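So you can see what is in the structure, the chains are spelled out below.
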Amino acid sequence: MQFVKEFRNPHLAEALLAQISHVAGRIGRTRKHPVTVMEVCGGHTHTIFRYGLDRRLPANIEFAHGPGCPVCVLPKGRIEDAIAIAHRPGVILTTFGDAMRVPGGSGSLLQARAAGADVRMVYSPLDALALARANPERQVVFFALGFETTAPSTALTVLRASAENISNFSILCQHITIIPTLRALLEQPDFNVDGFIGPGHVSMVIGTQPYAFIAQDFKRPLVVAGFEPLDILQSLLMVLNQIEAGDARVENQYARVVAPQGNPAAMAAIGRVYEVREACEWRGLGQIAGSGLQLRAEWSRFDAEKRFAILPHHLADQEQCCCGDVLTGRIKPPQCPAFGQTCSPDHPSGALMVSSEGACAAYYEYHGVGEAA
Amino acid sequence: MCLGIPGRITAIVDEQAMLAEVDVSGVRRQVDVLCVAEPGKPLAELVGVWVLVHVGFAMSRIDEAEAQETLRLLASMDELAGELDAMRNSARV
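Which chain is which? The protein sequence lines are A and B, in order.
The numbers in our numbering rise by one with no breaks, and the one at position 229 of the first sequence is 220.
The numbers in our numbering rise by one with no breaks, and the one at position 83 of the second sequence is 87.
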């Protein structure tokens, strides 16, 4: 209850919760199983736990925490690729802070730094490019990750490097796209999610049209949502209203930021710089065809994999961890045997424990170890 | 990385390179404004505009009330300080 007081409008929050409860009651009269709604984005997962929204839901409504945290789905092998490059002579390897803590096979990038590699945290790919300008005798590599939210920023940085003819800058590209992964999840026969809360800032770039297949082919509603607790409650209500009415449509609750057509300049940058990477690995989910981005041949001089002739590492996920089952909504974090035992925010073995947007880290922080859902 | 942080554009740094200065809760930094610029219009019209900044790129225009509310929310989620630290501590030289 105390969380609700922090809302922009506590009365509205209570009113939304009451409406959710009414719709849930009506749905519950016609179906035995609970309704599962997946929030795709890690930012939404964080808001849900931070404000205890999951604890305020009726008994027959559940959140499943989806795969939309790019740090959480970083495969171990890719971390090893980054570490291998970081140990090359003369290299400065840069990346976002969260990515530095993700465990690979031989440790994290932070541990590689402790072992002597020059690994630096940057806030922006622009800062990595600035490092390259300031250190012309060094090779500066940006380990680029994220969904369509951050893919344009890396693309525009590559175009800038090209325009300025900066030859000591390259990227290790681990940008991924959410649509093929949602399709792969929906094609799994035991995937029992009834509707989606769609990512806000991915949609800010790609718009709402790419989700149409979810409604048309898979008959699930999807509502693009903002990041405030009220946004999430309102979006959940919109999903439940559709489920009650037997509808499956794409709706946009976050119209104040998300235009139906997305951001044309950002999409143009993505299209100009990247092409689809056929085989792309996700931690916990395995290979998902067509879900990655790589530099087009035209920009291959900025491709760190080529520049350093890296043979990509492929490493199995941590056996003990059930990251994949959590990511697909099959289990809640405490049902994983490693949760809170061998895997905690201070010593993460699965990546869902690393980022504050990961379901396991959020669960650990706000529910503790001993508490089941 | 994914949440984005609201800032107000205070000056155009380089019209050609599409770079502007943004004030994010008192921290100033250069951001790329290509994705929020109106094609064909001078960048000067962006001064004073609030934008959502993702990893150094303005990705969406937002209104001021929305920006203030988002900043308040980020602060209450303990996300604001982390983002500002990441901006301040970013390696650049």
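Hint data in this document are derived by calculation from the structure and do not stem from the laboratory.
In this text the structure is predicted, and so the values were computed from the model without any measurement.
Be a bit skeptical, because a hint or two may be false.
Derived pair list, reagent style SDA-like, types lysine to any residue, alpha-carbon separation capped at 20 Å [to be verified]:
{"no.": "1", "chain 1": "A", "residue 1": "Lys210", "chain 2": "A", "residue 2": "Gly88"}
{"no.": "2", "chain 1": "A", "residue 1": "Lys210", "chain 2": "A", "residue 2": "Thr21"}
{"no.": "3", "chain 1": "B", "residue 1": "Lys45", "chain 2": "A", "residue 2": "Pro255"}
{"no.": "4", "chain 1": "B", "residue 1": "Lys45", "chain 2": "A", "residue 2": "Lys210"}
{"no.": "5", "chain 1": "B", "residue 1": "Lys45", "chain 2": "A", "residue 2": "Ala259"}
Among chain A residues calculated to face chain B with C-beta under 8 Å, some are [stated by the list, open to error]:
{"no.": "6", "residue": "Arg41"}
{"no.": "7", "residue": "Ser144"}
{"no.": "8", "residue": "Met195"}
{"no.": "9", "residue": "Phe218"}
{"no.": "10", "residue": "Val248"}
{"no.": "11", "residue": "Pro251"}
{"no.": "12", "residue": "Ala257"}
In this text, a Cβ means the ideal position worked out from N, Cα and C, and glycines have one as well.
Tested hints:
1. Lys210/A to Gly88/A: violated, 38 Å
2. Lys210/A to Thr21/A: holds, 18 Å
3. Lys45/B to Pro255/A: holds, 16 Å
4. Lys45/B to Lys210/A: violated, 43 Å
5. Lys45/B to Ala259/A: This hinted pair holds, its Cα atoms lying about 19 Å apart.
6. Arg41: holds, 5 Å
7. Ser144: holds, 4 Å
8. Met195: holds, 5 Å
9. Phe218: For Phe218/A, the interface hint holds, since the closest Cβ of chain B sits about 6 Å away, which is under 8 Å.
10. Val248: holds, 5 Å
11. Pro251: Since chain B brings no Cβ nearer than about 14 Å to Pro251/A, farther than 8 Å, the hint is violated.
12. Ala257: Holds - the Cβ of Ala257/A comes within 8 Å of chain B, reaching about 5 Å at its closest.
Of the numbered hints stated above, those contradicted by the structure are hints 1, 4 and 11, listed in ascending order.
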